[in-house]
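Asks: Listed below, chain by chain, are the residues.
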Amino acid sequence: VRVHELVLAESALKLALSAAGAARVFRIGLRVGTLSGVDPEALRFALTCVTHGTAAEEAAIDIETVAAVGRCASCVREFALEADAFLQCPACGRPFAELRGGRELELSRVEFSACHDDSELSPSK
Amino acid sequence: MTTPNSPRPSDPVTIVDVRDPADAPPSPPGDPVRVETRVVELHARLLDANDRQAELNRERFARLGIRALNFVSAPGAGKTTLLGRTLDTLAADVRCAVLVGDLETDHDARRLRRADVPVVQITTGGTCHLDATMVARGLDALDLDGVHLLFIENVGNLVCPASFDLGENRRVTLLSCAEGEDKPLKYPPLFTSAHAVLLNKIDVAAALGFDRGEAVANIHRAAPQAEVFELSARTGEGCDAWLRYLRAML
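Chains Y and X supply the protein sequences, listed in that same order.
When we follow my numbering, the leftmost residue of the first sequence carries the number 86, and every step to the right adds one.
When we follow my numbering, the leftmost residue of the second sequence carries the number 18, and every step to the right adds one.
A portion of the hints provided could be inaccurate.
As the list claims (entries may be wrong) - Residues on chain Y that point at chain X, a partial pick, calculated with CB under 10 Å: (1) Ala-94; (2) Gly-122; (3) His-137; (4) Ala-152; (5) Arg-188.
I should point out that these hints are in silico values taken from the structure, not numbers from a laboratory.
By construction, the Cβ of each residue, glycine as well, lies at the ideal position given by its N, Cα and C atoms.
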């Protein structure tokens, strides 16, 4: 069964390779919201599969988890959505108006080696 | 004091190099290549391609005067039974069409076949969700002439379909009384993104010891934005409010 993390890993790889040009990618950074529906470890595993045989084959994978943030309708406060106070304002107990964060699914950083062949420079300067 | 012409150790020495460059010893392999690290910081959304196709689907629906609903739930929550009952009541006076996504088989599509209701099956071949491109291809195969309501039955899965916008106008999440009351808290993404949540199989809730009150409270906590309907797609109990919701979309 193809899990959706695999589709997302393919998308991340494509974006990373295009950011790096033809260079070797050695680090890929991703941001994954806790309400994105994506399991970070499944995404990491999928990435190690899809990068195989590409310029990102040996890339380290950093996944930053982004906590869900709600904004309260009543007191206009922003707060982290915790499991035990789920989707309610911890200050006034009312449901939040808006999800401000937590659905992120993005490629945030690509580190790659830019190689310059210096051999055309004369050793005599 | 030193004389003006006496050289100091710090004075630069002029060197005239008369060696032939070709005589220079070869550099060790890899030496002339300077490796430099480049870092690109970006905010490239992984779902960008899907979201762009979803937007095209949404424009297509708007152009054709179609309202589209994306039905998501765990397997066995009753999506197909609900759609069957909905079509039986609604299709007499509202032209409907159905896209059914499944891993394998066309059982659901055959169950949903009705006179004057075009149905197309999307076999995902193992993919755990529908995406916007699959829906676009399904639309190409569907007779959309005069259709006002399009029902998209997603692959039964309470996790994966949450990430994929299909271009729908409404996302409808089903939860059945045969599941746990705490599902909305355990699988929040499909609830936080729902326009409507349907608690199905209320006819068997008591027999299963299912606490409807607790389930509805959990739905409201996870999906305060959603309209909530308690119904039984099998017996028809509670379906009137649901059908009114659909008619109000037209």
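Asks: State for each hint whether it applies.
Replies: To see whether the hints hold, each was checked on the structure:
1. Ala-94: OK, holds: Y:Ala-94 within 10 Å of chain X, min 8 Å.
2. Gly-122: Holds. Min distance 4 Å.
3. His-137: It is violated, given that the least Cβ distance between Y:His-137 and chain X is near 19 Å, above 10 Å.
4. Ala-152: 13 Å, violated
5. Arg-188: 8 Å, holds
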